[in-house]
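Since the structure of chain A is already known, use the hints to place chain B on it.
2 protein chains.
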Amino acid sequence: MPNTGWGEIPADAVRILPLGGLGEIGLNMMAVEYLGELLLIDCGLMFPEPYMPGIDLVIPDVSCLEGQTGRIRGLILTHGHEDHIGAVPFLLAKLGFPTVYGSPLTLGLLRHRLEEHELLGQASLVEVQPRQALDLGVFHVEVFRVAHSIVDGLGVAIRTAMGWIVHTGDFKLDQTPVDDQPTDLVRLAAYGEQGVLLLMSDSTNVEKKGFTLSEREVAAAFAEIVPRAKGMVAVATFSSNIHRIQQVVQEAVRCGRKVAIAGRSMVANTRIARELGYLDIPDDVLIELRQARDLPRHRLLLLTTGSQGEAQSTLVRMAMEEFRALPLEPGDTVILSSKFIPGNEKAINRLINHLYRRGAEVFYETTSEVHVSGHASQEELKIVLSLVCPQNFVPVHGEYRHLVRHAELARGMGVPAERVTVLENGCPLVVSAAGLSREPRLETGRVLVDGRGVGDVGLMELRDRRHIANHGLVVVLLAVSPVDGRILYGPELLSRGFVAEEETDILDLARRQVCDMLAGMAPETATEQETLEVEVRKCLRRFFNRTVERRPLILPIILEQ
Amino acid sequence: MPNTGWGEIPADAVRILPLGGLGEIGLNMMAVEYLGELLLIDCGLMFPEPYMPGIDLVIPDVSCLEGQTGRIRGLILTHGHEDHIGAVPFLLAKLGFPTVYGSPLTLGLLRHRLEEHELLGQASLVEVQPRQALDLGVFHVEVFRVAHSIVDGLGVAIRTAMGWIVHTGDFKLDQTPVDDQPTDLVRLAAYGEQGVLLLMSDSTNVEKKGFTLSEREVAAAFAEIVPRAKGMVAVATFSSNIHRIQQVVQEAVRCGRKVAIAGRSMVANTRIARELGYLDIPDDVLIELRQARDLPRHRLLLLTTGSQGEAQSTLVRMAMEEFRALPLEPGDTVILSSKFIPGNEKAINRLINHLYRRGAEVFYETTSEVHVSGHASQEELKIVLSLVCPQNFVPVHGEYRHLVRHAELARGMGVPAERVTVLENGCPLVVSAAGLSREPRLETGRVLVDGRGVGDVGLMELRDRRHIANHGLVVVLLAVSPVDGRILYGPELLSRGFVAEEETDILDLARRQVCDMLAGMAPETATEQETLEVEVRKCLRRFFNRTVERRPLILPIILEQ
Numbered sequence: 001m002p003n004t005g006w007g008e009i010p011a012d013a014v015r016i017l018p019l020g021g022l023g024e025i026g027l028n029m030m031a032v033e034y035l036g037e038l039l040l041i042d043c044g045l046m047f048p049e050p051y052m053p054g055i056d057l058v059i060p061d062v063s064c065l066e067g068q069t070g071r072i073r074g075l076i077l078t079h080g081h082e083d084h085i086g087a088v089p090f091l092l093a094k095l096g097f098p099t100v101y102g103s104p105l106t107l108g109l110l111r112h113r114l115e116e117h118e119l120l121g122q123a124s125l126v127e128v129q130p131r132q133a134l135d136l137g138v139f140h141v142e143v144f145r146v147a148h149s150i151v152d153g154l155g156v157a158i159r160t161a162m163g164w165i166v167h168t169g170d171f172k173l174d175q176t177p178v179d180d181q182p183t184d185l186v187r188l189a190a191y192g193e194q195g196v197l198l199l200m201s202d203s204t205n206v207e208k209k210g211f212t213l214s215e216r217e218v219a220a221a222f223a224e225i226v227p228r229a230k231g232m233v234a235v236a237t238f239s240s241n242i243h244r245i246q247q248v249v250q251e252a253v254r255c256g257r258k259v260a261i262a263g264r265s266m267v268a269n270t271r272i273a274r275e276l277g278y279l280d281i282p283d284d285v286l287i288e289l290r291q292a293r294d295l296p297r298h299r300l301l302l303l304t305t306g307s308q309g310e311a312q313s314t315l316v317r318m319a320m321e322e323f324r325a326l327p328l329e330p331g332d333t334v335i336l337s338s339k340f341i342p343g344n345e346k347a348i349n350r351l352i353n354h355l356y357r358r359g360a361e362v363f364y365e366t367t368s369e370v371h372v373s374g375h376a377s378q379e380e381l382k383i384v385l386s387l388v389c390p391q392n393f394v395p396v397h398g399e400y401r402h403l404v405r406h407a408e409l410a411r412g413m414g415v416p417a418e419r420v421t422v423l424e425n426g427c428p429l430v431v432s433a434a435g436l437s438r439e440p441r442l443e444t445g446r447v448l449v450d451g452r453g454v455g456d457v458g459l460m461e462l463r464d465r466r467h468i469a470n471h472g473l474v475v476v477l478l479a480v481s482p483v484d485g486r487i488l489y490g491p492e493l494l495s496r497g498f499v500a501e502e503e504t505d506i507l508d509l510a511r512r513q514v515c516d517m518l519a520g521m522a523p524e525t526a527t528e529q530e531t532l533e534v535e536v537r538k539c540l541r542r543f544f545n546r547t548v549e550r551r552p553l554i555l556p557i558i559l560e561q
Numbered sequence: 001m002p003n004t005g006w007g008e009i010p011a012d013a014v015r016i017l018p019l020g021g022l023g024e025i026g027l028n029m030m031a032v033e034y035l036g037e038l039l040l041i042d043c044g045l046m047f048p049e050p051y052m053p054g055i056d057l058v059i060p061d062v063s064c065l066e067g068q069t070g071r072i073r074g075l076i077l078t079h080g081h082e083d084h085i086g087a088v089p090f091l092l093a094k095l096g097f098p099t100v101y102g103s104p105l106t107l108g109l110l111r112h113r114l115e116e117h118e119l120l121g122q123a124s125l126v127e128v129q130p131r132q133a134l135d136l137g138v139f140h141v142e143v144f145r146v147a148h149s150i151v152d153g154l155g156v157a158i159r160t161a162m163g164w165i166v167h168t169g170d171f172k173l174d175q176t177p178v179d180d181q182p183t184d185l186v187r188l189a190a191y192g193e194q195g196v197l198l199l200m201s202d203s204t205n206v207e208k209k210g211f212t213l214s215e216r217e218v219a220a221a222f223a224e225i226v227p228r229a230k231g232m233v234a235v236a237t238f239s240s241n242i243h244r245i246q247q248v249v250q251e252a253v254r255c256g257r258k259v260a261i262a263g264r265s266m267v268a269n270t271r272i273a274r275e276l277g278y279l280d281i282p283d284d285v286l287i288e289l290r291q292a293r294d295l296p297r298h299r300l301l302l303l304t305t306g307s308q309g310e311a312q313s314t315l316v317r318m319a320m321e322e323f324r325a326l327p328l329e330p331g332d333t334v335i336l337s338s339k340f341i342p343g344n345e346k347a348i349n350r351l352i353n354h355l356y357r358r359g360a361e362v363f364y365e366t367t368s369e370v371h372v373s374g375h376a377s378q379e380e381l382k383i384v385l386s387l388v389c390p391q392n393f394v395p396v397h398g399e400y401r402h403l404v405r406h407a408e409l410a411r412g413m414g415v416p417a418e419r420v421t422v423l424e425n426g427c428p429l430v431v432s433a434a435g436l437s438r439e440p441r442l443e444t445g446r447v448l449v450d451g452r453g454v455g456d457v458g459l460m461e462l463r464d465r466r467h468i469a470n471h472g473l474v475v476v477l478l479a480v481s482p483v484d485g486r487i488l489y490g491p492e493l494l495s496r497g498f499v500a501e502e503e504t505d506i507l508d509l510a511r512r513q514v515c516d517m518l519a520g521m522a523p524e525t526a527t528e529q530e531t532l533e534v535e536v537r538k539c540l541r542r543f544f545n546r547t548v549e550r551r552p553l554i555l556p557i558i559l560e561q
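Those protein sequences? They're chains A and B, same order as listed. Note that UniProt numbering has the first sequence beginning at 1, numbered continuously upward. Note that UniProt numbering has the second sequence beginning at 1, numbered continuously upward.
Looking at chain A on its own, in the form it has when it is part of the complex (with noise of 0.2 Å):
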């Protein structure tokens, strides 16, 4: 029988298998197996790297779980960020849907998503409160809450006769948190004196000393900005950040400014957050894009996405002059109220230095202490750690180089060596109170989602299109005689993205090149269309390395006569 990863283990240990997410952000997902039941936690996106253009979005491969399903007691969800909740409705159904647990908020989010995918039919969705218990199959779940950079957070905490088995979601020990509802240390405390088999640890922040400022501290900021901006004031922040919107709506009422609303994940979120409750925006506040632009500007706050600069974003486009609805006025104010996210400081330097083209006063991260992480540093990671007093440590959830500082981390804080290990995708790992053992590597990886495809784009797809954005494309037509090899056709040369025809004569050269190279060809080995596309190909390679020292992406097109 062929290794599918799931080899019996002992009645006495579980085993964890990472799904995505550890040596990665994004793709959180992980399978919690014990008595031959399995517990899924987090079913995560990932926005597509540079390597992966034109991909709108990354799955991760659960293929491993195939013939599993029947196995599967629940899917919890911790929090609503689309890294956690993003695939579920693509795999859904590959899951064999199994009842989905989550607080109101994030289900609330998910439920939205998966309206949107027309499956909001078939799927179970369950709510859970924190201090909650669950009895799924052989787990006794319990959920505590966690504060993060969005409402409603959840830990996840599994009883096992060897112990518990923590899982902390993202988090941070946010002891002023804006709707007063901190991580549950009295249960992390618990759980320790209990006894914890497996800590599974948020290590995102790992890098970052001392302690991560609350999220209060950013209303500090909005109340030194807004009062003495002149005109609008436009805040751009992550739509699933409810507490910062919050702030930045308090920030308005105490300036006597309303509050308009947009960008489309604004408009769902903070209409989802609002009828559940966690968003208090009064009726009187809130204003119509469309009557915006009769208020005057110093009585206006706009909320909207695009501190990515996003292309298609509101704030972008505010910045591009193309935003009709409520254009950027000379003395307007924009707060960049987030991160700048790896790989997007380029994006994001080109919408401030456009908005300062428009005249607006622009505060953002690297300025002005408009954001805070909703992520643990190092000295809340080791509360933690001491807390809980792991027999087991993994650190889940951040790059390969976060997950082996965390590491060292608990290593550090008194975890003995071998019981703490940097787990990557796809590798089983079995815990019990002997310790570790790792298993070999399972296949997962990442599907790529493209427009309606889920995987139809793969990595020779991708090269292809690496291989001609970076050198373009030479098509070349021809046809040859069947019978002694003579040209009935072509060749003939197009090129796309390669060279601005009007500007050089290249591709005629490579023409003469190709019929040089076809006159001197015997005929029996002209007439082999693999053959023949393989010399072309050749032939074309050397002459353009040579002439313009570049690698377009050669097409031979042999007709058939």
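Honestly, I wouldn't trust all of these hints.
[What the hints assert, rightly or not] Simulated pairs of lysine-lysine, DSSO-like, Cα-Cα distance not exceeding 30 Å:
#1 B/K209 to A/K339
#2 B/K208 to A/K208
#3 A/K382 to B/K230
#4 B/K339 to A/K339
#5 B/K339 to A/K209
#6 B/K209 to A/K346
#7 B/K382 to A/K382
#8 B/K339 to A/K346
#9 B/K230 to A/K208
#10 B/K209 to A/K209
#11 A/K208 to B/K339
#12 A/K209 to B/K230
#13 B/K346 to A/K208
#14 A/K346 to B/K382
#15 A/K230 to B/K209
[To be verified] One side of the interface only, derived from the structure: several residues of chain A facing chain B at Cβ under 10 Å:
#16 D180
#17 P182
#18 I348
#19 R550
[Stated by the list, open to error] Sample of chain B residues lacking proximity to chain A, with all beta carbon distances greater than 12 Å (derived):
#20 A11
#21 E115
#22 L125
#23 V126
#24 L276
#25 D280
#26 E492
#27 R512
#28 M517
#29 V534
Derived by calculation from the structure, the hints in this document are not laboratory data. Beta carbons are placed, not taken as given, at the ideal position from N, Cα and C, and that holds for glycine.
What follows is chain B alone, placed relative to chain A:
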């Protein structure tokens, strides 16, 4: 007469025309006109932006200097960074081979570039020393020492009847530079006393409060890391940062480590700097790469490139286990002694993660003090403004927002608002005792270099490259009878980067769509090649949008029969 931008100006005025570097990082080049003659300052390149896939580098468009080269009295290079000298080999001929002035190291680096382009014989290079005066036509020029992240940097002062024109070049006010040659505040003060008509000053770090740390501070970080390292230490830094390299070498000597050098530009630049006496590496410390493998790891320090995660660099190849000459081993230490340049973060993160996977310990900007900037922060910029006391101020060297903030800083320091202006590339400015007068913008811009081609890849090719990169390509081959529009060949569909063909029958379905479309077409339409192309494109665009929501580039090829 068309506006060439060089209409006459009064004898008591100068005109400046930025040709690059204002509103962007890179491409620094400035023209100064006085009494009918021209002086150029710097001639730099830029590395390509994300929207320029496949482009190797970018140079300024100097077409507005066409017909003016007879008036050019010289090109002064402030320092040897690529964004100040890199375009010289590409533009020297276009500029009519003006004499090039620069410090010995600057010209040493340039000479190397000119050799590569086989231009050294035609170039006239003249070395200058700090405080040296030059009479270049009507221009009485004095260069003065500035400290920067490359040795031997200069600023430029031009004496006119109306006062000095001072151009800082790139600088910081390092009070303890490694070569004990700080920025020449004495001369700056003297210009100020004598009267400065115009100051142009480096805006790169205007967003940074306080003072930029001295280059010597980095030595402290090295002194902490290197002695503790158990294996090899590899330090990656910019190959032009000779002071940084000097400090690395000093630490190696102190720890009894031999120094090996890898990476094309690191090998070249250290050779040039040693020959010119700017870099001291004792002969018995420097070893060949091939000797390095025989040394005990803790006796070895490698100086190399790749701190930006460049794909072909030595360090990246080491991280990917592709550098056979000297593979990394677990326990080695890697120091990225450099800034994370915006746009490179993803590549750098990837590099760091792979270094950790190899078992190396890695130190970098965000976790250790292994880098300091070469540009002046706010307090330094203020000191220069207050010493120089300019009548007029134009911020240079920065993105648009930097220029705006630097302009604000100058106004805050008492330069009258109307005598400070934010200039963009191609905007001529006439400066006189009466103040500033802007002239209409000239055509300037960027010329793309791809392989050996200069300017033969334009915006249209870039658009096609990006289009295919994002959506793939579908080629449609088709021949119809010129008589009755009957299909004689095809339609045959080929794709690249669009879809994994084994995963789907979408191309088959698309082919049938084209057939149906053709069947319903009037013969007189079908025989018109252009109409046919348009209709095929329209038909497929609609079909792919409806079915997979994608927009491949569709390339219909109508074969002539």
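To see whether the hints hold, each was checked on the structure:
1. B/K209 to A/K339: 20 Å, holds
2. B/K208 to A/K208: OK: B/K208 and A/K208 at ~20 Å, within 30 Å.
3. A/K382 to B/K230: Given pair A/K382, B/K230 holds - Cα atoms ~27 Å apart, limit 30 Å.
4. B/K339 to A/K339: It holds: about 18 Å lies between the C-alpha atoms, which stays within 30 Å.
5. B/K339 to A/K209: Given pair B/K339, A/K209 holds - Cα atoms ~20 Å apart, limit 30 Å.
6. B/K209 to A/K346: Distance of about 22 Å is within 30 Å: holds.
7. B/K382 to A/K382: 43 Å, violated
8. B/K339 to A/K346: 15 Å, holds
9. B/K230 to A/K208: Holds. B/K230 to A/K208 sits at ~25 Å (cutoff 30 Å).
10. B/K209 to A/K209: 21 Å, holds
11. A/K208 to B/K339: Satisfied, since the Cα-Cα distance of roughly 18 Å is no more than 30 Å.
12. A/K209 to B/K230: Given pair A/K209, B/K230 holds - Cα atoms ~25 Å apart, limit 30 Å.
13. B/K346 to A/K208: Holds: B/K346 and A/K208 sit about 19 Å apart, inside 30 Å.
14. A/K346 to B/K382: Holds. A/K346 to B/K382 sits at ~28 Å (cutoff 30 Å).
15. A/K230 to B/K209: The given pair, whose Cα atoms are some 25 Å apart, holds under the 30 Å limit.
16. D180: Nearest chain B Cβ about 33 Å off; hint violated.
17. P182: 28 Å, violated
18. I348: At 9 Å from the nearest chain B Cβ, A/I348 passes the 10 Å test, so the hint holds.
19. R550: 4 Å, holds
20. A11: At about 35 Å from chain A, B/A11 clears the 12 Å cut-off, so the statement holds.
21. E115: It holds; B/E115 is separated from chain A by about 18 Å at its closest Cβ, greater than 12 Å.
22. L125: Holds: least Cβ distance 27 Å, greater than 12 Å.
23. V126: For B/V126, whose nearest Cβ neighbour in chain A is about 32 Å away, the distance exceeds 12 Å, so it holds.
24. L276: 31 Å, holds
25. D280: 35 Å, holds
26. E492: 8 Å, violated
27. R512: Nearest chain A Cβ is 19 Å from B/R512, so the label holds.
28. M517: 22 Å, holds
29. V534: 17 Å, holds
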